[in-house]
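Student: Each residue of the sequence shown is one higher than the last, beginning at 365 in our numbering.
Because the hints were derived from the structure by calculation, they are not lab data.
Treat the hints loosely; a few may be bogus.
Below, simulated SDA-like cross-link-like pairs (lysine to any residue); rule was C-alpha separation at most 20 Å, straight line [claimed, not checked]: (1) Lys488 <-> Ser531; (2) Lys488 <-> Gln502; (3) Lys445 <-> Ala461; (4) Lys445 <-> Ser533; (5) Lys445 <-> Phe593; (6) Lys445 <-> Trp472; (7) Lys488 <-> Pro620; (8) Lys488 <-> Val477; (9) Lys488 <-> Leu573; (10) Lys488 <-> Thr475; (11) Lys370 <-> Ile428; (12) Lys488 <-> Gly579; (13) Lys488 <-> Phe593; (14) Lys445 <-> Leu613; (15) Lys445 <-> Ser531; (16) Lys488 <-> Gln587; (17) Lys488 <-> Leu577; (18) Lys488 <-> Ala401; (19) Lys488 <-> Gly500; (20) Lys488 <-> Arg511; (21) Lys488 <-> Gly589; (22) Lys370 <-> Asp406; (23) Lys445 <-> Glu377; (24) Lys445 <-> Ala609; (25) Lys488 <-> Leu503; (26) Lys488 <-> Gly498; (27) Lys488 <-> Ile374; (28) Lys488 <-> Asn499; (29) Lys488 <-> Trp584; (30) Lys488 <-> Asp406; (31) Lys445 <-> Gly498; (32) Lys488 <-> Leu591; (33) Lys445 <-> Pro620; (34) Lys488 <-> Lys370; (35) Lys445 <-> Leu530.
Derived DEER-like restraints, expressed as beta-carbon distance ranges [claimed, not checked]: (36) Leu619 <-> Thr375: 44 to 54 Å; (37) Arg450 <-> Gly403: 28 to 38 Å; (38) Trp507 <-> Pro372: 19 to 29 Å; (39) Leu404 <-> Gly589: 26 to 36 Å.
Every value quoted in this text rests on a predicted model; they were computed, and no experiment measured them.
Glycine included, C-beta positions come from ideal geometry on N, C-alpha and C.
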Amino acid sequence: MANPRKLPEITGELAAEFAGTMILILFGVGVVAQVVAGGLGDHDSIAWAWGLGVTFGVYVAGRISGAHLNPAVTVALAAFKGFSWRKVLPYSLAQTAGAFVAALIVRWNYTDVLAAFDPGHTIKSQFVFSTLPGNGSQLIGTWGGFRDQIIGTAILLFLILAVTDLSNSPPAANLAPFIIGLIVVAIGMAWGTNAGYAINPARDFGPRLASFLTGYATAWRDQYGQLYFWVPIVAPVIGGLLGAALYELLVGRFLPPVEQAEVDRFPSEPEPGRLPSEPERGPD
Numbered sequence: 365m366a367n368p369r370k371l372p373e374i375t376g377e378l379a380a381e382f383a384g385t386m387i388l389i390l391f392g393v394g395v396v397a398q399v400v401a402g403g404l405g406d407h408d409s410i411a412w413a414w415g416l417g418v419t420f421g422v423y424v425a426g427r428i429s430g431a432h433l434n435p436a437v438t439v440a441l442a443a444f445k446g447f448s449w450r451k452v453l454p455y456s457l458a459q460t461a462g463a464f465v466a467a468l469i470v471r472w473n474y475t476d477v478l479a480a481f482d483p484g485h486t487i488k489s490q491f492v493f494s495t496l497p498g499n500g501s502q503l504i505g506t507w508g509g510f511r512d513q514i515i516g517t518a519i520l521l522f523l524i525l526a527v528t529d530l531s532n533s534p535p536a537a538n539l540a541p542f543i544i545g546l547i548v549v550a551i552g553m554a555w556g557t558n559a560g561y562a563i564n565p566a567r568d569f570g571p572r573l574a575s576f577l578t579g580y581a582t583a584w585r586d587q588y589g590q591l592y593f594w595v596p597i598v599a600p601v602i603g604g605l606l607g608a609a610l611y612e613l614l615v616g617r618f619l620p621p622v623e624q625a626e627v628d629r630f631p632s633e634p635e636p637g638r639l640p641s642e643p644e645r646g647p648d
């Protein structure tokens with residue numbers, strides 16, 4: 365068995381992003397399948413399970429990769445927090461792969477329930493796996509969903525940077541993953557109508573691809589027959605950049621340097637692009 369210490373650092377980071385995103389989607393897509401097709405639970409249980417999935421995913425991956433779990437987060441950290449641009453594509457692919465595998469597991473586990481609920485595997489159950497404008501029922505079009513995803517992801521990145529900025533007032537006792545999970549719960553409860561709050565290209569594209577490969581011929585389109593798959597990819601990246609830029613403009617540039625923070629409250633500054641909610645790696 366290979367010694368993991370001899371593997372390139374990026375190998376562990378990609379494995380962590382894969383695993384963390386897989387955990388996120390197992391809970392997120394799993395709860396939607398349970399509520400929509402199984403009839404157990406409601407919108408609140410969906411919001412809470414997605415938030416808890418984020419929390420658990422961040423705890424899984426945070427020590428190794430910083431637990432981005434979202435290409436929009438990765439791009440924003442590269443643009444504003446010094447994360448290496450050469451890692452953006454590998455991280456995004458690992459996140460998407462984790463979401464894809466998790467969605468296949470959910471699809472397999474809920475095969476019977478989905479078939480009973482929607483024998484034709486149509487739009488009726490498609491949004492178990494991927495988002496639709498107005499969740500497939502409200503009178504929301506493509507551009508309404510696009511606008512919504514920009515706003516929702518901007519809120520997400522603004523708040524992620526706020527709670528992980530060492531110069532600000534980050535949660536102590538390694539509670540940042542839990543707070544980030546609560547952010548996702550809040551977004552789900554307040555911003556879920558227009559586009560299902562994907563706010564994560566990997567979260568949407570990975571399960572969308574999994575559903576397409578397992579019988580959902582309508583996976584790439586919305587309920588109006590329009591190509592929609594690109595909306596939760598492009599809009600969250602734009603929104604993430606906007607939210608990160610607004611945080612730096614309105615808050616970040618006014619904070620004191622990290623070295624002036626209280627020693628007993630803030631750890632040393634993490635590597636560039638690493639969410640400082642997690643402890644830094646010890647010496648090799």
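Student: Each hint should be assessed against the structure and marked as holding or not.
Tutor: Right, here's what the structure says about each hint:
1. About 47 Å separates the Cα atoms of Lys488 and Ser531, which puts this hinted pair outside 20 Å; it is violated.
2. Between Lys488 and Gln502 the alpha-carbon distance is near 13 Å, which keeps this suggested pair within the 20 Å criterion.
3. Using a Cα cut-off of 20 Å, the hinted pair Lys445 and Ala461 is violated, with the two alpha carbons roughly 25 Å apart.
4. A threshold of 20 Å between alpha carbons decides the hint, and for Lys445 with Ser533 the separation of about 17 Å falls inside it, so the pair holds.
5. Annotation: proposed proximity of Lys445 to Phe593 is violated, straight-line Cα distance about 29 Å (limit 20 Å).
6. Of the pairs offered as hints, the one joining Lys445 and Trp472 is violated, with about 39 Å between alpha carbons and a cut-off of 20 Å exceeded.
7. Restraint check for Lys488 and Pro620: not satisfied, since their Cα atoms lie roughly 51 Å apart, outside the 20 Å limit.
8. Only pairs whose Cα atoms come within 20 Å are accepted, and Lys488 paired with Val477 is accepted, the gap being roughly 13 Å.
9. A threshold of 20 Å between alpha carbons decides the hint, and for Lys488 with Leu573 the separation of about 17 Å falls inside it, so the pair holds.
10. Taking the CA atoms of Lys488 and Thr475, the gap is near 15 Å; set against the 20 Å cutoff, the hint holds.
11. About 15 Å separates the Cα atoms of Lys370 and Ile428, which keeps this hinted pair within 20 Å; it holds.
12. Distance check on the hinted pair: Lys488 and Gly579 sit about 13 Å apart at the alpha-carbon level, within 20 Å; holds.
13. Distance hint between Lys488 and Phe593 is fulfilled; the C-alpha atoms sit about 16 Å from each other, no more than 20 Å.
14. Among the hinted pairs, Lys445 with Leu613 is consistent with the structure: their alpha-carbon atoms are about 13 Å apart, no more than 20 Å.
15. Between Lys445 and Ser531, the direct Cα distance comes to roughly 13 Å. Compliance with the 20 Å bound is thereby established for this hinted pair.
16. Our distance criterion of 20 Å between C-alpha atoms is met by Lys488 and Gln587, whose separation comes to about 9 Å.
17. Only pairs whose Cα atoms come within 20 Å are accepted, and Lys488 paired with Leu577 is accepted, the gap being roughly 17 Å.
18. About 9 Å separates the Cα atoms of Lys488 and Ala401, which keeps this hinted pair within 20 Å; it holds.
19. A C-alpha spacing of about 8 Å is found between Lys488 and Gly500, which places the hinted pair at or below 20 Å, so the restraint holds.
20. Simply put, Lys488 and Arg511 have alpha-carbon atoms about 24 Å apart, too far for the 20 Å limit, and the pair is violated.
21. For the given pair, Lys488 sits about 13 Å from Gly589 by alpha-carbon distance, which is consistent with the 20 Å threshold.
22. Distance hint between Lys370 and Asp406 is unfulfilled; the C-alpha atoms sit about 47 Å from each other, more than 20 Å.
23. Of the pairs offered as hints, the one joining Lys445 and Glu377 holds, with about 17 Å between alpha carbons and a cut-off of 20 Å not exceeded.
24. Distance restraint check for Lys445 and Ala609: the Cα-Cα separation of roughly 11 Å lies within the 20 Å cut-off, and the hinted pair is therefore satisfied.
25. Of the pairs offered as hints, the one joining Lys488 and Leu503 holds, with about 16 Å between alpha carbons and a cut-off of 20 Å not exceeded.
26. Only pairs whose Cα atoms come within 20 Å are accepted, and Lys488 paired with Gly498 is accepted, the gap being roughly 13 Å.
27. Taking the CA atoms of Lys488 and Ile374, the gap is about 40 Å. The hint is violated against a cut of 20 Å.
28. The straight-line distance between the Cα atoms of Lys488 and Asn499 is roughly 10 Å, inside the 20 Å bound, and the hint therefore holds.
29. For the proposed pair Lys488 and Trp584, the alpha carbon gap of about 14 Å is at most 20 Å, so the pair holds.
30. At most 20 Å may separate the alpha-carbon atoms for a hinted pair to count; Lys488 and Asp406 meet this at roughly 16 Å.
31. Distance restraint check for Lys445 and Gly498: the Cα-Cα separation of roughly 34 Å exceeds the 20 Å cut-off, and the hinted pair is therefore not satisfied.
32. In summary, the hint linking Lys488 to Leu591 is supported, as the alpha carbons are separated by about 17 Å, within the 20 Å threshold.
33. A hinted pair counts as satisfied when its Cα atoms are at most 20 Å apart, and Lys445 with Pro620 qualifies at roughly 16 Å.
34. Of the pairs offered as hints, the one joining Lys488 and Lys370 is violated, with about 49 Å between alpha carbons and a cut-off of 20 Å exceeded.
35. For the hint pairing Lys445 with Leu530, the CA-to-CA distance comes to about 12 Å; that is within 20 Å, so the pair holds.
36. For the pair Leu619 and Thr375, the beta carbons lie near 34 Å from each other, so the given range of 44 to 54 Å is not met.
37. The hint said 28 to 38 Å for the Cβ distance between Arg450 and Gly403, and at roughly 47 Å that hint is violated.
38. For the pair Trp507 and Pro372, the beta carbons lie near 42 Å from each other, so the given range of 19 to 29 Å is not met.
39. Taking 26 to 36 Å as the suggested C-beta distance range, the pair Leu404 and Gly589 conforms, at roughly 31 Å.
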